[in-house]
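Participant: The residues making up each chain are set out below.
2 protein chains.
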Amino acid sequence: MLTQMIIRKLFNLRNANKRNNLKLSQRCFSSHLPELTKNRYSVKRGNYAVLTEDHKQFFIDLLGSTRVITNPDECLSYNVDWIKNVRGYSTCILKPKTTEEVSNILAFCNDNRIAVCPQGGNTGLVGGSVPVFDEVVLSTSLMNKIYSINDTSGVLVCQSGCILENIDNALEEHGLMAPLDLGAKGSCHIGGNVSTNAGGLRLLRYGNLHGSVLGLEVVKADGEVIDLLSTLKKDNTGFHLKHLFIGSEGTLGIVTKVALQCPPKPRAVNLAFLGLQSFEHILRTLKRAKQELAEILSSCEMIDASTLDVCTDNLKLKSPLSQYPFYMLIETHGSNNEHDQEKLNKFLEDAIAEEYILDGTTTNEINKMKHIWDLRERITEGYTKDGYVFKYDVSLPIEKFYSIVPAMREKLANEDTVRISGYGHLGDGNIHFQVSAREFSQQLLKKIEPYVYEYTSDLRGSISAEHGIGFRKPKYIHYSKSSGSIKIMKQLKTMFDPYGILNPYKVLP
Amino acid sequence: MLTQMIIRKLFNLRNANKRNNLKLSQRCFSSHLPELTKNRYSVKRGNYAVLTEDHKQFFIDLLGSTRVITNPDECLSYNVDWIKNVRGYSTCILKPKTTEEVSNILAFCNDNRIAVCPQGGNTGLVGGSVPVFDEVVLSTSLMNKIYSINDTSGVLVCQSGCILENIDNALEEHGLMAPLDLGAKGSCHIGGNVSTNAGGLRLLRYGNLHGSVLGLEVVKADGEVIDLLSTLKKDNTGFHLKHLFIGSEGTLGIVTKVALQCPPKPRAVNLAFLGLQSFEHILRTLKRAKQELAEILSSCEMIDASTLDVCTDNLKLKSPLSQYPFYMLIETHGSNNEHDQEKLNKFLEDAIAEEYILDGTTTNEINKMKHIWDLRERITEGYTKDGYVFKYDVSLPIEKFYSIVPAMREKLANEDTVRISGYGHLGDGNIHFQVSAREFSQQLLKKIEPYVYEYTSDLRGSISAEHGIGFRKPKYIHYSKSSGSIKIMKQLKTMFDPYGILNPYKVLP
Numbered sequence: 001m002l003t004q005m006i007i008r009k010l011f012n013l014r015n016a017n018k019r020n021n022l023k024l025s026q027r028c029f030s031s032h033l034p035e036l037t038k039n040r041y042s043v044k045r046g047n048y049a050v051l052t053e054d055h056k057q058f059f060i061d062l063l064g065s066t067r068v069i070t071n072p073d074e075c076l077s078y079n080v081d082w083i084k085n086v087r088g089y090s091t092c093i094l095k096p097k098t099t100e101e102v103s104n105i106l107a108f109c110n111d112n113r114i115a116v117c118p119q120g121g122n123t124g125l126v127g128g129s130v131p132v133f134d135e136v137v138l139s140t141s142l143m144n145k146i147y148s149i150n151d152t153s154g155v156l157v158c159q160s161g162c163i164l165e166n167i168d169n170a171l172e173e174h175g176l177m178a179p180l181d182l183g184a185k186g187s188c189h190i191g192g193n194v195s196t197n198a199g200g201l202r203l204l205r206y207g208n209l210h211g212s213v214l215g216l217e218v219v220k221a222d223g224e225v226i227d228l229l230s231t232l233k234k235d236n237t238g239f240h241l242k243h244l245f246i247g248s249e250g251t252l253g254i255v256t257k258v259a260l261q262c263p264p265k266p267r268a269v270n271l272a273f274l275g276l277q278s279f280e281h282i283l284r285t286l287k288r289a290k291q292e293l294a295e296i297l298s299s300c301e302m303i304d305a306s307t308l309d310v311c312t313d314n315l316k317l318k319s320p321l322s323q324y325p326f327y328m329l330i331e332t333h334g335s336n337n338e339h340d341q342e343k344l345n346k347f348l349e350d351a352i353a354e355e356y357i358l359d360g361t362t363t364n365e366i367n368k369m370k371h372i373w374d375l376r377e378r379i380t381e382g383y384t385k386d387g388y389v390f391k392y393d394v395s396l397p398i399e400k401f402y403s404i405v406p407a408m409r410e411k412l413a414n415e416d417t418v419r420i421s422g423y424g425h426l427g428d429g430n431i432h433f434q435v436s437a438r439e440f441s442q443q444l445l446k447k448i449e450p451y452v453y454e455y456t457s458d459l460r461g462s463i464s465a466e467h468g469i470g471f472r473k474p475k476y477i478h479y480s481k482s483s484g485s486i487k488i489m490k491q492l493k494t495m496f497d498p499y500g501i502l503n504p505y506k507v508l509p
Numbered sequence: 001m002l003t004q005m006i007i008r009k010l011f012n013l014r015n016a017n018k019r020n021n022l023k024l025s026q027r028c029f030s031s032h033l034p035e036l037t038k039n040r041y042s043v044k045r046g047n048y049a050v051l052t053e054d055h056k057q058f059f060i061d062l063l064g065s066t067r068v069i070t071n072p073d074e075c076l077s078y079n080v081d082w083i084k085n086v087r088g089y090s091t092c093i094l095k096p097k098t099t100e101e102v103s104n105i106l107a108f109c110n111d112n113r114i115a116v117c118p119q120g121g122n123t124g125l126v127g128g129s130v131p132v133f134d135e136v137v138l139s140t141s142l143m144n145k146i147y148s149i150n151d152t153s154g155v156l157v158c159q160s161g162c163i164l165e166n167i168d169n170a171l172e173e174h175g176l177m178a179p180l181d182l183g184a185k186g187s188c189h190i191g192g193n194v195s196t197n198a199g200g201l202r203l204l205r206y207g208n209l210h211g212s213v214l215g216l217e218v219v220k221a222d223g224e225v226i227d228l229l230s231t232l233k234k235d236n237t238g239f240h241l242k243h244l245f246i247g248s249e250g251t252l253g254i255v256t257k258v259a260l261q262c263p264p265k266p267r268a269v270n271l272a273f274l275g276l277q278s279f280e281h282i283l284r285t286l287k288r289a290k291q292e293l294a295e296i297l298s299s300c301e302m303i304d305a306s307t308l309d310v311c312t313d314n315l316k317l318k319s320p321l322s323q324y325p326f327y328m329l330i331e332t333h334g335s336n337n338e339h340d341q342e343k344l345n346k347f348l349e350d351a352i353a354e355e356y357i358l359d360g361t362t363t364n365e366i367n368k369m370k371h372i373w374d375l376r377e378r379i380t381e382g383y384t385k386d387g388y389v390f391k392y393d394v395s396l397p398i399e400k401f402y403s404i405v406p407a408m409r410e411k412l413a414n415e416d417t418v419r420i421s422g423y424g425h426l427g428d429g430n431i432h433f434q435v436s437a438r439e440f441s442q443q444l445l446k447k448i449e450p451y452v453y454e455y456t457s458d459l460r461g462s463i464s465a466e467h468g469i470g471f472r473k474p475k476y477i478h479y480s481k482s483s484g485s486i487k488i489m490k491q492l493k494t495m496f497d498p499y500g501i502l503n504p505y506k507v508l509p
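Residue numbers (full-length UniProt numbering), protein chains in the order written: chain A, 1 to 509; chain C, 1 to 509.
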């Protein structure tokens, strides 16, 4: 059943590679607590109520004492994001199990002007899911019921706190799969995925959540439950309200239930890992892959040489190829392995014959595929070992996809950095671009921002392709959104949440 | 290159077919003008300005006299929908060419409280695109520029008045295709498709417009131009506003430009036309097709026997099969014809072996495929020859997809009807269901409605899967939408269009 093909060109570029041999700092900042957000960033607490014992007693009466966490040690992990970038100081974490409990919590908070930070798996990268000050945290971690999976229609209905990987495992028994896949799948919640319009590794093939979410149940700031939980693929009755809650990061309402359209799980999966000489070759390979692999293409990712080093040097993962300036991961999902391998081999043979690709390996062995995917999925983890990481997640017109990396290298030539590099969802025009340094530096930050946003805006790109705006980017939103759009967003916020209790200090400037 | 396979079972059901042999009325109501809407339906004109000569002069000064139509004969076709169901009496049709002109028209109408009916190709089926009273018609027919097509990213940018078929033809030169296909493609406008969230024949494969529209430019009721014209696949910066204009039928704003994500045009297309014994067999065949054809399945449609008759009897089209209770069209889109035919043949052989399918023919010859598609795409046209058609477009849970037809036949057993039948987008759970009669009858209407909506609502279906709400269904919207949702819709309408000038009497109750 297992096949592996190694394609190797005589033309060896090993020595042509002129990347820096970086001395890595031994200090890993990811194990240190970040400064409190209120101190690091200049932000003023809103005029919200300070939580009293009476407030806490209300929550305990509602949920019971085990689902109201007030112990400071236990509260800590809900106050800090996983990349250790921001830190709030909430003293009250609420863990509802039902929509009714969420509704009661919000109605009470709305009446008492208590700010609420909704939190799923807390895997966000822009500080959207942790409190900025002392907001009450509403964690969906106990809202983890899967209600139904329909074999024929492919529709799953579940609570918003289900972990993506658990959903995927449950779907597998029905010959289905989740329509999205992320590096954080082992901890992220589907409600958080929906609220942040998470993209991930296979958006290219399975589309975004605006396409695959069929219905939502949402609780408004005032506690009103809005039933948008359609399980139908088509429903053109009135305005399509669910989309307001997809990607608005919990600022317009809290998602409590989700209905998802799920595709059949592929019977054949193949993965190619390729070495290339230049971004120009990457573009040509992408175009060819879309034409030749067409309906079986499920992922098309790019990694530059310096990014791959965070896996090979920092995490000691082994690359199956020698060193090249660029790498691509091309994955296929299909129903017939023979057909898929024939297509993939033909595509690679042609690309090698025309010298698009210098070297490559393909596999459909699960372990080998996992090893290759690790080189892509563990990049964020590997980066934290560099020290402090300035991370950006931008969309650019495909022809300019990689241009931001050399532009930034030039801009920061005289600065003290560990690494400036890029990787990401080539097929979707979405590059993850980062600058790592031994430690956080205001001077470096000022060199990077707002330059990175100006650069993106000049190309009509998005300053946050999939990570969202969260706490860290509201003041930059105008680089990607017109003033007319921002005005409408503010009107919507006022309409849905007049006292601004839901996830304050986030998304809107 | 051309292959055709005929699969025929000995077990012949020709005589088992007990459908009525209907005597068709010779009168075709489609050539007659419908009554004025204001007379046929009890609806009260809103407190809008009555158009004066001064108003008309403003429009002539703005557009020139050739783009302001006031001649009653010329106005007529803009006042009547193509299925001859509703008729307004607008005396002023405006034909802007640019966003700026649309903006100026709306600002003027908003200031002067002049009601506006936006109109694309006027191919709608719920009276959404023609005036109810004397609203000014804003036709997008001259806004037909295609601005760009990007070969690598597959992104097309165009004005909203481009005809879908013209877009598709332009994309073909780049190896791409439009992400939707409709029977009305020769006249419908992309702006109308977006505004009504049109679904069509291949939604199953290519997803809905919420997934494939990348960006929009929209003009609000007060004339403000909102630039949401992203050409990026991923952009998570703030609320996802464009979705408010997808499917809101021109009541929140007028779409002036569209950016679409377009898939590669398939190199191989195959079509199977199958005869089946029961709906139970149809369901099994659907499930199997999703598993076996998986990534190449591009359309999965169902036609019942009585519906096929409107093509064979009324339009004199020839069916390639003898008579069966049900038919399916299964289409594949792929990049390798050999692979696709192998998959399709295997699927059909297995389905026949297990007696899911009684008879079938497959082809990849363009003319033969067109002939088979005509049996599906010309149904609406064929129906008009029955007399008056009560048309419904509902989504139902897939197991109950066809149940509405026998339920309605039982309900109307003693009524004077020509035909009660169903067909539609099986793969998307969307059935088009109709009752035809020799002529319009209030008595018959009262037997059908609200029963059809109650039936749908009881199953949590959608009372308008893809046709929208338009003029004819606002009072039924509560069958598919909760009171909380409707309240939010009304708040949004007030926010975007405080004087209610945009497409009044439509969508909202």
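Check each hint, because a few of them may be wrong.
Any copy, or any two copies together, can satisfy a pair, since identical chains are not distinguished.
[Stated by the list, open to error] Simulated pairs of lysine to aspartate or glutamate, EDC-like, Cα-Cα distance not exceeding 16 Å:
hint, residue 1, residue 2
1, K385, D111
2, K400, D227
3, K490, E338
4, K265, E100
5, K411, E349
6, K385, E74
7, K316, D222
8, K145, E53
9, K346, E292
10, K487, D222
11, K56, E365
12, K400, E100
13, K97, E381
14, K400, E173
15, K287, E377
16, K487, E53
17, K400, D151
18, K487, D227
19, K287, D350
20, K316, D374
Derived by calculation from the structure, the hints in this document are not laboratory data.
Participant: So which hints don't hold here, by number, going up?
Facilitator: Numbers 1, 2, 3, 4, 5, 6, 7, 8, 11, 12, 13, 14, 15 and 16, in rising order.
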